[in-house]
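Q: Sequence:
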Amino acid sequence: MCRSDVKQAVLAKNDDLAAELRGDLARQGVTVVNLLSSPGSGKTELLARVLARAVQRGVPVAALTADLATENDAVRLARSGAPVQQVLTDGLCHLEARQVRARLAGWLPADTSVLFVENVGNLVCPAAYDLGETLRVVLMAVTEGEDKPLKYPTAFGSAHLVVITKTDLAEPAGFDESGFRANVHRVNPGVEIVRSCARTGVGVGALLDRALAARDGALHRPPLAPHPHGHHHTAPAPAV
Numbered sequence: 032m033c034r035s036d037v038k039q040a041v042l043a044k045n046d047d048l049a050a051e052l053r054g055d056l057a058r059q060g061v062t063v064v065n066l067l068s069s070p071g072s073g074k075t076e077l078l079a080r081v082l083a084r085a086v087q088r089g090v091p092v093a094a095l096t097a098d099l100a101t102e103n104d105a106v107r108l109a110r111s112g113a114p115v116q117q118v119l120t121d122g123l124c125h126l127e128a129r130q131v132r133a134r135l136a137g138w139l140p141a142d143t144s145v146l147f148v149e150n151v152g153n154l155v156c157p158a159a160y161d162l163g164e165t166l167r168v169v170l171m172a173v174t175e176g177e178d179k180p181l182k183y184p185t186a187f188g189s190a191h192l193v194v195i196t197k198t199d200l201a202e203p204a205g206f207d208e209s210g211f212r213a214n215v216h217r218v219n220p221g222v223e224i225v226r227s228c229a230r231t232g233v234g235v236g237a238l239l240d241r242a243l244a245a246r247d248g249a250l251h252r253p254p255l256a257p258h259p260h261g262h263h264h265t266a267p268a269p270a271v
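In terms of our numbering, the sequence shown opens at residue 32 and continues consecutively.
Quick caveat, the hints were computed from the structure, so don't treat them as lab data. Do not rely on the hints blindly, as some may be mistaken.
SDA-like cross-link-like pairs, simulated, lysine to any residue; straight-line CA separation at most 20 Å [as the list claims (entries may be wrong)]:
{"#": "1", "residue 1": "182", "residue 2": "208"}
{"#": "2", "residue 1": "182", "residue 2": "206"}
{"#": "3", "residue 1": "44", "residue 2": "208"}
{"#": "4", "residue 1": "179", "residue 2": "221"}
Remember, it's a predicted structure, so these values are computed and weren't measured experimentally.
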């Protein structure tokens, strides 16, 4: 079996497991939100704000956060008051559905309605792995450049929602937001783009509202883009 065949087999197995996990969680009333970004995008701080807002509003949420090492992010997120678990990937540059399923076993609180999964900081491999999510969010800081969607078309092309982070730095960074939006829509026509700033709270409510809309089946979600190497995703089924 050649290398590409092995890769396709791994992705196919992951997709099957992700579909099974999505169905199992849907029957429990749980919607998964998968957060993807490069390292340093600010997604941990933004997620901490979202979790805290959810707790304040009485929304039963939980989070998994993945890193190669340390439990620093889990500690930060747990300050929100939401249940949080750390996943250590031991060098793996992405999460897989099997890891999510294993970590949830015997842990996920019964009343959870939205589970946020903070993926490993990487816009390459994580884009190819369905984690059983209903909503896939790709985040990018203004300091990363407006052409990033063209450099990582699989990640941005598979997003159901794109979030611009650190917008308070847009002017000093010389960020061309209109150019960024045009580039996002070149690879993912019509996808919604939300501005955010964890420092000021801008976009926190919007991200939580989109997650709740996905939970309630009220959010338009374009189908996931095809995998690299020809293996195709099917569009995630809505949570019921």
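Q: Next, verify each hint and record whether it holds.
A: Now the hints, each set against the structure:
Simply put, residue 182 and residue 208 have alpha-carbon atoms about 16 Å apart, close enough for the 20 Å limit, and the pair holds. Between residue 182 and residue 206 the alpha-carbon distance is near 16 Å, which keeps this suggested pair within the 20 Å criterion. In summary, the hint linking residue 44 to residue 208 is not supported, as the alpha carbons are separated by about 38 Å, beyond the 20 Å threshold. Restraint check: the Cα-Cα separation between residue 179 and residue 221 comes to about 17 Å, which is no more than 20 Å; the hinted pair holds.
Hint 3 alone, counting from the list given before, is not met by this structure.
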